[in-house]
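Here the protein sequences line up with chains A and B, keeping their order.
For the first sequence, the working numbering assigns the number 1 to the initial residue and increments by one for each residue that follows.
For the second sequence, the working numbering assigns the number 1 to the initial residue and increments by one for each residue that follows.
Hints in this document: simulated from the structure, not taken from any laboratory.
No experiment lies behind these values; they were computed from the predicted model shown.
Any given hint could be a false lead.
Said to hold, decoys possible - In silico contact screen, one side only, chain B against chain A (beta carbon under 10 Å); selected entries:
1. Gln69
2. Thr75
3. Glu132
4. Ala137
5. Arg147
6. Val164
7. Asp174
8. Val188
9. Ile196
10. Ser246
11. Phe296
12. Trp300
13. Ile345
14. Gly347
15. Thr355
Stated by the list, open to error - Derived list of chain A stretches under chain B, where covered just means 3 residues or more per stretch with a C-beta under 8 Å from a C-beta of chain B:
16. 17-29
17. 184-192
Note that the Cβ used here is the ideal one computed from N, Cα and C, for glycine as well.
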Amino acid sequence: MLKKIIHLAVFYITNTYRERAVFIFNLLMPLIFTFVLAQASQGPASGEGPTRWPLQVVNQDEGTLGNALQERLAEDELLTVTLAERDSALQVLRDEGTVAVLIIPADFSAQVLAGQELALEYHMTQVANEVQVVQAVIDSALTEMSGSLAAADFTVNVADELGRFEGDAAAQDIYYQTAFAAAQERWQENPPVTVQTQSLTRLDVHENAVAVGINQSAPGMVVMFAMFFTIGGVAVLVVEREQGTLRRLLVLPLNKFTLMTGKLLGIYLAGIVQIAALILVGAFVFKADWGREPVGLTILVLCYAFAITSLGMLMAALVRTSAQANTLTTVIVLPMAALGGAWWPLDIVPAWMRTLGHVFPTAWAMDGFTDLITRGLGVQDILLEAGVLLLYGLVFMAIGIWRFRFE
Amino acid sequence: MKAWTIAWKDTLIRFRDVNALLFMIAAPLLITAIIGSAFGNFINDSGDVPISGIPFIIVDGDETTSSEQLIALFTDDEILAELVATEQMDDLDAAKRRVMVGESRAVLYIPPGFDEQVQGAEAEAGSTTVLELYMDAAATITPNIIRGILDRVAAGYSTALISVDVGVTQVVDDAAAYGPALANLETVVQEQVSGITEDRGRQRITLRQVIEGQDEEESNFSPAAFFGPSMAIFFLLFTVMEGTRSILVEDQEGTLPRLLSTPTRPATILLGKMGGVFLTGVLQFTILLVGSSLLFNMDWGNSPVGILLLVVAFVAAATSLGMFIAAFARDNVQANIIGSAIILIFGILGGNFTTTLNYPDWLITVSKLTLNYWGIEGFSDLTWRGLGLIDILPEVGALVIFAVVAFALAVWRFQKRLIR
C-alpha cells in the first residue's frame, strides 16, 4: 500500500511540474509580486550600520532661529546637511541626490517669536524608511526648539513679573535670546528626561537599521500563492470526480484510502516544492532574509503546507462542480491572505480584525514567519504556530475526507 | 439587431450563474470591505484612526507619585486608553520576553529616580533620566506610535524642567538688577510653571510632508477610496477574460461552427460576442459602484459623467484586450493561461495591490503600459483627489487608444480564424 501511495504522489508531482503554466503561476508570478511589492516599500538592507542621510536645507529665514535650526541639524550624527536654494534643492531631490528637503520660510523667526504655530515644508519623493528616519531627526530638533522657546518665554515672563524690564523692549529681547541659547545648550547636552529605544530581536541588526522591503513582502506572497497552488491542486479532485476519472480509478486494485492519500500526499509535496523554490529564489536572487533557524523554517513550512492541503480537501468535499471550486478558490484565498497579514502587517489593523484574522491559518503562518525572520526567534518559539496549523490541518482533513464523495 | 440578441443572451447567461455572481460581485465587495476595515475611515466615514488597543506594558521601577501619574496618562486619558491597551508588570525581563514573542508591541521601563528628576530635585545637577522603551522589531508602526507619545511626554517634562532651570539661573545671575523683588522669585516661578505644565507636549513647529511630483490633492490619499475601484478593476478583468474566451470554448464545442452556418455574418457574431462581454463588464462595474456606495458609503466623486465615461473606456479597453488574447491564442487553455498571467502581472504592475505612489520611477514607467494604471489613475482623480471630468481625459484617451489598437488587431485575426 505504501508503495502505491508514493507512486500516486510522485505521478501527481511529475505531471504537475511538467505543465508550463505551473511555472508561470506558481513560481514566476509570486516572485514578480514579491519583487514589485518590495520595490514599493524598499529601504536599506537590514544589518547595515548607521549611516549619514543627506538632507538639503533651504534657509530663507530673515531672523536667527532659522540658523539655529540649521546648525542643530548639521551637528546631528545621522545627517549630512547641505544648504541650498529652493529650486536647486528640489532638483537634487528629483535627481535622487538627497533623501529630503527642509524649507525654512522667510518669516520663520517672526512667526515663532510671535507665539504662532507653523508647519515647515518637508519635501520627499516617496514615503520610504530613510525618509522617516530623517524626519524623526528633524522632529527631534523641532521638539528641542519648541522647548527652548518655551523656556525663553518662561524666563522673560518671570523676569517681567519681577519688574526687570519696565518697558525696555531691547533688554527683554536680549534676555529672551540669552535664555533661548542657554535652553538650546541644555537640550543638546543633557535633557532631563529622554526616551531611549531598543528593538527587541535576537538577530544581529544594528539599532538604526530598518527592515528591507523584500523581508516584508516575501513571506506574505509565499503564504498567498502557496494557498492558490495547493487549494487549486486539491480542486483537481473535483474535476476528476466530474469527469468520472475517480470512479474509474477505483476499478484498479486501489482502495479509496490509498487513492486519496496518494493524491493528497502528491499535492502536499508539490506545495512544499513550490514554497521551497520561492524561499530559495527569494534568498539568492532577491537577498531576502529568512532568519537563522532553518529547522524552525522547515517545521513551519511543513505544517502550513499540511493546513492548506487539508483546507483544499475540505473545499473539494463541500463544492459540487469544478466551476464552484475555481470560484471559491479565489474567494477564499484572497480574503484569507488579506485578513491573515499576507498583504499588510496585522499590527496596523484594529484589534477586532487581528482577532478575526487569527481564525484563519494564514495569520498563524505569518506569525511564525515573523517570529523567525524579524524577531530572530527559535524553534521552540514557533511551536505554538506550528501546532495550531497542524490542528487546522487535522480538523479540515477529517471533515474533508468524511464529506468527500467519489461520484 | 442580431448582434444585440447575441450580446444580451450572453449577458443573461453570465448573470444567471451563481458562481459568476459570486466572483464578479461578492468577491470584490468582500475584499473592499476587508481593506476598508483595516484602514478605517470607511464604513462609518467618521475619520477615526483604525489602530486601537495596541498592547503595551509598563514596568514601574520608580513606584512614586510621579511614575503613577505617567502611567495614568496611558490608562486614564480617554483617547490614549483607547489607542493603547496598557498593562503593568513587575518583572522587566518577563515583559521584554512578551514583546520578543509578539504578545506586546512595547514595554516601557520607568527607572528609579524618575520622581526626583521630574520634581526638579536633580535637575540642577544636569543629570538625565532615561525612560527605556523596548519595541517589537516585527511591528513597524504601532511601537513607533507609542514612541511618539513618549517623546512628547518626555519633551513636556524636559521643557518644564529646563525652563525653570534656565529661568531661575538667569534671574539669579542677574540678581543685582532685581533688588527686593527677587524675594518673590519662588512665587512667580510657581505661577509661571503651571502655564508650562498645561502646555506640556505642545509642539509649536511641525512638519508638513510634501511628496515631490505629486499634487496637493495627493495628500488626501485614502486607502479605502483607492481599493474600491482597484478591486473592481481587478475582478472585472477576470470577467472579461472569461467572457472573451467563450468564443474559443464555443469553437471547441462546436457551437460556433453551427452559428456560422446560419445566415449570420461572422462580423455580426463577433460583434455580438464582444458586445456581450462589454455589456457584462459595464453592468458588473455599475453594480459594484452602487453596492459600495450603499454598503460602505464610498464616495465616487462629484462627476457622474466622468465616472460613466471612465467605466465605458475601461471596460472597452479590457474587452478589447480579452478579444486580442482570445484571437491570438491557440485554444481556450492557452488563452486561459495567458489571460490569467496578464491579469496578475497587470494587476501588480498597474497598482491594484498597492498604490504606485511608492513605486520607483522606472517601475511607474512600466506600469503605464498596463490599462490598470490608467483606470486606477482615472478613478483616483475622481474619488480621493476630488478632480473632475476634464482631468480624467488623458486617462480616458489612453484607454481608448488601447481599446482601438487591441480591437483592430483582434477583429483582423478573428476574421481570418472564423472564415476558414
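We went through each hint and held it up to the structure:
Restraint check, glutamine 69/B versus chain A: the minimum CB separation of about 13 Å is more than 10 Å; hint violated. Interface restraint check for threonine 75/B: the shortest CB-CB distance to chain A comes to about 17 Å, outside 10 Å, so the restraint is violated. Proximity of glutamate 132/B to chain A holds as hinted, the smallest CB-CB distance being about 6 Å (cut-off 10 Å). Among the interface hints, the one on alanine 137/B holds; its C-beta lies about 4 Å from the nearest C-beta in chain A, closer than the 10 Å criterion.
Interface restraint check for arginine 147/B: the shortest CB-CB distance to chain A comes to about 6 Å, inside 10 Å, so the restraint holds. Because the smallest distance between the Cβ of valine 164/B and any Cβ of chain A comes to about 7 Å, under 10 Å, the interface hint for this residue holds. Nearest Cβ of chain A to the Cβ of aspartate 174/B: about 7 Å, under the 10 Å cut. The hint holds. A least Cβ separation of about 5 Å between valine 188/B and chain A falls short of the 10 Å threshold, and the interface hint therefore holds.
With its C-beta approaching chain A no nearer than about 6 Å, isoleucine 196/B sits inside the 10 Å limit, and its interface hint holds. The beta carbon of serine 246/B is not positioned within 10 Å of any beta carbon in chain A (closest approach about 13 Å), and the interface hint is therefore violated. Annotation: interface hint on phenylalanine 296/B violated; nearest CB of chain A at approximately 15 Å, more than 10 Å. At a threshold of 10 Å, the smallest CB-CB gap from tryptophan 300/B to chain A is about 22 Å, leaving the interface hint violated.
About 6 Å separates the beta-carbon of isoleucine 345/B from the nearest beta-carbon of chain A, less than 10 Å, and the hint is met. Proximity of glycine 347/B to chain A holds as hinted, the smallest CB-CB distance being about 9 Å (cut-off 10 Å). At a threshold of 10 Å, the smallest CB-CB gap from threonine 355/B to chain A is about 8 Å, leaving the interface hint in force. Residue count for the region 17-29 of chain A with a Cβ under 8 Å from a Cβ of chain B: 5. That meets the three needed, and the coverage hint holds.
Under the rule that three or more residues need a Cβ within less than 8 Å of chain B, the assignment of the region 184-192 of chain A holds, with 6 such residues.
Hint compliance for this structure: hints 1, 2, 10, 11 and 12 are broken, all remaining hints hold.
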